[in-house]
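S.K.: Read off the chains here:
There are 2 protein chains.
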Amino acid sequence: MSLTLTPLQNFPLIKPGDDLAGMILNTLKLPSLQLETGDILVLTQKIVSKAEGRLVHLTTVTPSPAALELATKTGKDPRLAELILRESNAVLRARPGSVIVEHRLGFVCANAGIDQSNVDENGATSSEWVLLLPEDPDKSAAQVRAKLEATTGKRIGVMIIDSHGRAWRIGTVGTAIGLSGLPGIVDLRGTTDLSGYTLKITVVGAADELAAAASLLMGQAAEGTPVVHVRGFPYPLREGSLKELLRPKDQDMFR
Amino acid sequence: MSLTLTPLQNFPLIKPGDDLAGMILNTLKLPSLQLETGDILVLTQKIVSKAEGRLVHLTTVTPSPAALELATKTGKDPRLAELILRESNAVLRARPGSVIVEHRLGFVCANAGIDQSNVDENGATSSEWVLLLPEDPDKSAAQVRAKLEATTGKRIGVMIIDSHGRAWRIGTVGTAIGLSGLPGIVDLRGTTDLSGYTLKITVVGAADELAAAASLLMGQAAEGTPVVHVRGFPYPLREGSLKELLRPKDQDMFR
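In order, the protein sequence lines correspond to chains A and B. Start counting the first sequence at 1; every next residue gets the next number (our numbering). Start counting the second sequence at 256; every next residue gets the next number (our numbering).
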């Protein structure tokens, strides 16, 4: 049984208010890509944020004293620093060029996941536009899923991913920031391997493994292939959420 | 263009001295799985370590004073603590139940990647056997690759992966520990997206993204599907190494 990931080709550019589920259905034209029960669709954060109108023009942002301090420390635009603080529960590290935070959604990431978009909602160039993460990515995933399931009658999963850096390794990897209808983690405790011995690896970050896989197909043209269709995910689908993937603070050794 | 990952079925159990490349060639029986130029084979660390005779019986290990101290601090078997120290450059964190180290190979992981194997080289049960990571996984990957390329005449990549925990997220994900013939990271700086704007995401941990993808297909039966065949990796193959993926200490904010 293979795992097959296929980017949806010719996915249109997204504007605020766009109906992502409808656009996905329109793009699923190839017969091989008709949705089947068990399939998963992986969406890059960028199109979800754009559809939800999360673009902010920096001229509308007034930096607080804390943002001015963060900007001085890191060399970031004070208005961007303000947005980073608004989108975060806590700043973990701030050094020239780097701000690592606990995002209000609970995960640790750089710059609160805020992208400098370079392009406004109508496609005009401006380095003053930035794009925040979706308000509630689990909910966004659930909404897209509900519409796709209602239209197709199939039981599917939907996941929203972003590219995250890692503490000790170079390069970003696709990481789950919201999901609906698939497991965040899979608990293999008690499972036995071929020899009949209990597996040592206990809990697998299955959604993050799939996020990394899908990200491979989004890497080369960020807006060209923002949706990846997955067939052959090896674990049973179930209701799931981002929360499963977040290490509780009292288990955190590296904060 | 799809990315397709297929576990090799019925891969035999591995003993020290086994010829992994030969066994892979024997297992590649399905016509759809004939190796083609551009394909990648992903191997779990476990079979490489076993083939290379990296099983150690704990009764052969004498703990040093430092190991006794680490064992007291963490509750680990002092002989296992000794092996963890021998396999590591530095201990980053040691708490009851957890030892996070910089492995001698340069990456950060738990327990120096040492697995309690529960089974000896002849398949007999013993909780005293442990399995160390390969001596030099880049070299192991290169050796498997050289034989596969010589036999098939195709240009391929070979990667060895392990399951690593993450600082702030629950669940392990497949992570590259050795590679040959594929990029560790892919530098997208200067690349433009569909709208013609320069991408903000600069360096992608492509090998780790692929490692996570392949790991999905190894998770359920650790020794059942230890080799995954990959077709459709979206980046050009080139010579690569683990070192590309390791963040230099002077950029490490979380040690």
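Since the hints were derived computationally from the structure, they do not count as laboratory data. For every residue, glycine included, the Cβ atom is placed at its ideal position computed from N, Cα and C. Don't take every hint at face value.
[As the list claims (entries may be wrong)] Here are the simulated BS3-like pairs of lysine-lysine, each with C-alpha atoms no more than 25 Å apart in a straight line:
id, chain 1, residue 1, chain 2, residue 2
1, B, Lys394, B, Lys409
2, A, Lys29, A, Lys15
3, B, Lys328, B, Lys402
4, B, Lys328, A, Lys249
5, A, Lys73, B, Lys504
6, B, Lys270, B, Lys284
[Stated by the list, open to error] Where chain A lies over chain B, by a calculated footprint (3+ residues, C-beta under 8 Å):
id, segment
7, 258-265
8, 384-397
[Said to hold, decoys possible] Take a look, some chain B residues computed to stay more than 12 Å from chain A by CB distance:
id, residue
9, Asp274
10, Arg341
11, Glu464
S.K.: Taking the earlier hints as the rules, which of them does this structure contradict?
M.R.: Result: hints 3, 8 and 11 break, sorted rising.
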